[in-house]
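A.B. asks: One gets the numbering used here by counting positions in the sequence shown from 1 and adding 101 to each.
Bear in mind the hints are in silico, worked out from the structure with no lab data behind them.
C-beta: ideal position from N, C-alpha, C; glycine also.
Don't take each hint at face value.
[Said to hold, decoys possible] FRET-style restraints, in silico, Cβ to Cβ:
id	residue 1	residue 2	range
1	G122	Q258	34 to 40 Å
2	D215	Y161	31 to 37 Å
3	Y162	Q211	22 to 28 Å
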Amino acid sequence: MTSPSLSLILAVRNAEQELSGMIDTWLEIASELTAQFELIIVDDGSVDDTAIVASELTQYYPQVRLIHHRLAYGSDAALQSGLRVSSGETILFHDGNQAPGIMEVQRLWQLRNDPSLVMAHGNQLRLDGGGQEFGIKGMSARKSGGTRLLRRRAIEQIGRARGSRLPMQVRHDEPRAVGAGAATIPSFAGAQVHLGEYHTL
Numbered sequence: 102m103t104s105p106s107l108s109l110i111l112a113v114r115n116a117e118q119e120l121s122g123m124i125d126t127w128l129e130i131a132s133e134l135t136a137q138f139e140l141i142i143v144d145d146g147s148v149d150d151t152a153i154v155a156s157e158l159t160q161y162y163p164q165v166r167l168i169h170h171r172l173a174y175g176s177d178a179a180l181q182s183g184l185r186v187s188s189g190e191t192i193l194f195h196d197g198n199q200a201p202g203i204m205e206v207q208r209l210w211q212l213r214n215d216p217s218l219v220m221a222h223g224n225q226l227r228l229d230g231g232g233q234e235f236g237i238k239g240m241s242a243r244k245s246g247g248t249r250l251l252r253r254r255a256i257e258q259i260g261r262a263r264g265s266r267l268p269m270q271v272r273h274d275e276p277r278a279v280g281a282g283a284a285t286i287p288s289f290a291g292a293q294v295h296l297g298e299y300h301t302l
């Protein structure tokens, strides 16, 4: 079997109700990006039947694999677990029990060929009926869409450089609203981390 060009790592917790639909959506999104992909579900300490549902999905879809954390270790641990067993050069990591919009993922996917890119993530904008950004009490109008794109080669390069000062640059894209008139409109308004000359790890 050919190595996948894309590894999808999905961190979920207590998602038994929405997991099947979410996986169907992700499989549809991934198949539009590339024919060579794998989907890794990281069940982060669910106390419901998420692990059972996920295990059934691995029997039905050959591209789907399951990692189960007995305890909830959080997003970073889920990403590390997924990275250890994944093999794709491009990694999409999603933390949350809902799939993002196809446009957000397509925009992230387009960034994969930038040789200096380490990581990029998408955001959502909350817009009112007039297309103006608005925050919910105590929250910004911008929130993370929960999906990050990482490049394996860049991650490995950073790992080899641990302890040394690796130059990094952070670029922020300008928000782009998609559509009008809805209360929450997904868009790509995220940050990209590049190998560069400004910020250091």
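A.B. asks: Work down the list of hints and note, for each, if the structure agrees.
C.D. replies: Results for each hint:
The supplied range of 34 to 40 Å is met by G122 and Q258, whose beta-carbon atoms lie about 37 Å from each other. Checked against the given bound of 31 to 37 Å, the beta carbons of D215 and Y161, roughly 35 Å apart, stay inside it. Checked against the hint of 22 to 28 Å, the C-beta distance between Y162 and Q211 comes to roughly 26 Å, which is consistent with it.
Taken one by one, the earlier hints all hold for this structure without exception.
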